[in-house]
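All chains, please: the whole structure from these sequences, using the hints.
Protein chains: 2
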Amino acid sequence: MESSQPVSYNSDTIAAVATPPGMGAIAIVRISGKNSLETALKCFKPKSSEISQNTIQSHHLYFGEVYSEGKVLDEVLLTYFKAPHSYTGEDAVEISCHGSEYVQQALLQTILDVGARMASPGEFTLRAFLNGKMDLAQAEAVADLIASESKAAHRMAINQMRGGFSEKISELREKLVNFASLLELELDFSEEDVEFANREQFILLLNEIKKELVGLKESFVMGNVLKKGIPVAIIGKPNVGKSTLLNAILNEEKAIVSEIPGTTRDAIEDTITLEGYSFRFVDTAGLRDSTDIVENMGIEKTYDKIEQARLILYVCDISSMNKTSMAELLNDYKSYINNKNKHFILVANKIDQMEEVPGHLKELLDLETVFVSAKRKENIHLLAETLVNHVKNDSPGDDVLVNNSRHYEALRNALDSINVVEQGFENNIPTDLVAIDVRQALYYLGSITGEVTSDEILGNIFGKFCIGK
Amino acid sequence: MESSQPVSYNSDTIAAVATPPGMGAIAIVRISGKNSLETALKCFKPKSSEISQNTIQSHHLYFGEVYSEGKVLDEVLLTYFKAPHSYTGEDAVEISCHGSEYVQQALLQTILDVGARMASPGEFTLRAFLNGKMDLAQAEAVADLIASESKAAHRMAINQMRGGFSEKISELREKLVNFASLLELELDFSEEDVEFANREQFILLLNEIKKELVGLKESFVMGNVLKKGIPVAIIGKPNVGKSTLLNAILNEEKAIVSEIPGTTRDAIEDTITLEGYSFRFVDTAGLRDSTDIVENMGIEKTYDKIEQARLILYVCDISSMNKTSMAELLNDYKSYINNKNKHFILVANKIDQMEEVPGHLKELLDLETVFVSAKRKENIHLLAETLVNHVKNDSPGDDVLVNNSRHYEALRNALDSINVVEQGFENNIPTDLVAIDVRQALYYLGSITGEVTSDEILGNIFGKFCIGK
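Residue numbers (our numbering), protein chains in the order written: chain B, 1 to 469; chain E, 1 to 469.
Since the hints were derived computationally from the structure, they do not count as laboratory data. Don't take every hint at face value.
As the list makes no split between identical chains, a pair holds if one copy fits it or if it spans any two.
The calculated lysine-lysine pairs, modelled on DSS-like cross-linking and capped at a C-alpha distance of 30 angstroms, are [as the list claims (entries may be wrong)]: (1) LYS375 / LYS323; (2) LYS42 / LYS133; (3) LYS47 / LYS237; (4) LYS211 / LYS34; (5) LYS377 / LYS71; (6) LYS71 / LYS217; (7) LYS375 / LYS168; (8) LYS464 / LYS377; (9) LYS45 / LYS82; (10) LYS71 / LYS228; (11) LYS464 / LYS71; (12) LYS175 / LYS82; (13) LYS47 / LYS82; (14) LYS82 / LYS42; (15) LYS464 / LYS175; (16) LYS392 / LYS133; (17) LYS375 / LYS34; (18) LYS133 / LYS47.
The model shown is predicted, which means the values in this text are computed figures rather than measured ones.
Okay, here's the thing in structure tokens:
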């Protein structure tokens, strides 16, 4: 990944390696621009002499050789994508070569030598957007799709790429446009004292739009969490077995996701994937022993971590609990359960050190408690299930979730404008002034799908893509 | 890269990710086996409803969706390769998906779920060999091609993959077969006392074959060196500037290869690529100051390193040389120049500390001496040129070079057999006994291209391939 500003659209020929960096059986160099085929044929020689630029068909593979400095560089397959039936919407060519790092780079260099230019990050997708092959939200989803590391993140990205989110925004815009038309109509005839729709009706319409905007905006919390991994804080007093529990969960994870090699566990030490959801464990070892948890939350850093968490695992040593510590625990519990954005799960650890749950702890059974032995790895799967179930319950199925902070900002701004419109109605502000804020809301919604945009916004978005996409 | 034994050939459906591991714009999952298309179509749904298993054409791309658990996993391009027009010679399918690690693995898993089996390392190429799409030496060149990191290594691999080496072996075998026929003929009529070819003629023929075998065998030194990097030992007394010189060369290299990003400099610290040749610098810092270089060579370890080197850079501090040290140096020089497998280059360093070469050093000008200032990076390009020129002069252009130790062993064995044949003639051994050794030589040559082979040999060769090739 590199950052650079893509330039405004022109159809010069760009090229880049499109497959992941490194060595593999096959690699692909991608070319796009109106002279793609002509450029490729300057170094590609088909095996069959009957094939020429004029006879090459779109979406067909041709076997041949790439020449560099008069010698065969590689035996390759060439595919031509005739505009507009390509990813970018332009004429495009893909050359599939042997996946040696040397061959990949030499092939790219050869193509650059015969007239192509190295593509900027995301430039292929930028062209796809500029050619109307996809809107801006869909283009952003392409980057999310490529970066997705869990099933949940992948599902959001693929839905968004396939236009689910864009459709929702489009529906909202349509409603707002209708609303604006009604307003304009009222404005046109305002001097004639005709009231086409009374303000109560306007307010009803507005509330409907507002409700949807609020819903979308609020979905960002979950969307962002699913995309980046659900933050889970493991808290509790020292020596209750927090680290052992974390290790036990991580081991469990290895088994669960063993069919998907290469997950990112090594990169972010404490991120694991359970049933397609990525969980990001947050260390809160800073809790002091001598004071209660609420007091500990006063310690700024730990508080922040707990604040960021969506799920809190409160670990206790069940084998050493008495009535006092039990009361304290229940008190903590109550302080948490009313926070609608968090789930508080009690992890009663060290069940291996007791035979049954004593009477004074029975109350725990009414709470959401998982009894485990972290040391012996007993019931860790129940804890994993509990974590997953909470996320499943929070996830609105296939509903659209906002997971991009740019979209979130735009929705927030649109909602602010709608709130101003609402206040305008309440305060009997003249219709023409109200209409300005409606247009402002439309502008913000339009910025999500790219109906309104700027080179700077495009530069920011596509500069974060990888080269070759 | 993983190691495992490919099983003997059957045409069950195998699948693997073929592009390099990691994240990129595009990744490819490859499927091969007689049910490839049927298997792929269990999870792939073409966008156009008119396309079905019966109407899908070979070498044509189809846009569609892959479904997993009833949901769209990705939008992909599918290509069908109808047997025998595929890499493996079997029916094959390639699915090009978005290059997210999650998508790649999920797509592969989906294909495995609908009936394919995970391919062993090199199993696609093994099938290509077993189906007669390439011989064994060509198959081995595929692995070399993928692993090639320098232009020289790449050139050898591509020539071998395209059959250059196999052709040479085939010519040699043909000559040997002719030779064997003549022998058999003599054998058939031996009781009739007819001499079809006299033994001198046989010896002439044999010498011709032998000469070619020796040439090929000896080319292994250069072939291996070009494949793995040319070992260069930088030697010399302490404080003459060896490390500074190495740093200067490495910097120079950065500039020279800047158009090819991602070379392996970081992996093997002191390997650099100059004009397409990979040089592997060997550290010989162990030379002691107080003794002369020949004595130092007695130190086993340093001696080994110098022994392995093909090029020796003997660095001296030219600014502090007197007649004695000059005489010593010339003495060292003479001990090296007669070694035909090595080149000895004098590097007269620290020219920045003197105005001109004094009279008593003029003799250096007759030797192969490069005058440099490592500190100021002066004339480092001349040194680089000298290194490259030596390799160029050693390289027999586009001639076939043996670069595989299995081939080298086979050639050595074939040559041994031919030597036995020759001795047989000299000692008037009966023709039928001589013929056995001729057949033995044929066997060894045949093992190179795989005319004769075994599951064990195939397992060894293809087990070293990457999965997906």
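Pop the pair LYS71 and LYS228 into one bin, within, between, both or neither, using alpha-carbon distances up to 30 angstroms. between (48 angstroms within a copy, 22 angstroms between copies)
Up to 30 angstroms between alpha-carbons, please classify LYS47 paired with LYS82: within, between, both or neither. Both, since 21 angstroms and 18 angstroms are each at most 30 angstroms.
Could you place LYS464 and LYS175 in one of the four classes (within, between, both, neither) given a Cα distance threshold of 30 angstroms? Neither. Shortest intra-copy (33 angstroms) and inter-copy (62 angstroms) distances fail the 30 angstroms Cα cut-off.
Copy assignment of LYS45 with LYS82, given that the CA separation must stay at most 30 angstroms: For LYS45 and LYS82, both the intra-copy (19 angstroms) and inter-copy (22 angstroms) Cα distances are at most 30 angstroms.
For the identical chains here, do LYS42 and LYS133 meet the 30 angstroms Cα criterion within one copy, between copies, both, or neither? Answer is both; intra-copy 28 angstroms and inter-copy 28 angstroms each pass.
Checking an output row: LYS211 and LYS34, CA cutoff 30 angstroms. Within, between, both or neither? The answer is neither: 46 angstroms in one copy and 55 angstroms across copies each exceed 30 angstroms.
When no copy is specified for LYS175 and LYS82, does a C-alpha distance of 30 angstroms or less occur within a copy, between copies, both, or neither? neither (38 angstroms within a copy, 52 angstroms between copies)
Using 30 angstroms as the alpha-carbon threshold, which applies to LYS133 and LYS47: within, between, both, or neither? Close across copies (16 angstroms), not inside one copy (33 angstroms); limit 30 angstroms.
First find the shortest C-alpha distance between LYS375 and LYS34 inside one copy, then the shortest across copies, and answer within, between, both or neither for a cut-off of 30 angstroms. neither (64 angstroms within a copy, 50 angstroms between copies)
Given a CA cutoff of 30 angstroms, do LYS47 and LYS237 count as a within-copy pair, a between-copy pair, both, or neither? Classified as neither: same-chain Cα gap 72 angstroms, cross-chain 57 angstroms, threshold 30 angstroms.
Have a look at LYS464 and LYS377 and pick one of within, between, both or neither, based on CA distance no larger than 30 angstroms. neither (42 angstroms within a copy, 38 angstroms between copies)
How do LYS82 and LYS42 come out at 30 angstroms by Cα distance, when the copy is not named: within, between, both, or neither? both (18 angstroms within a copy, 29 angstroms between copies)
Hint check: violations occur at hints 3, 4, 5, 7, 8, 12, 15, 16 and 17; the rest are consistent with the structure.
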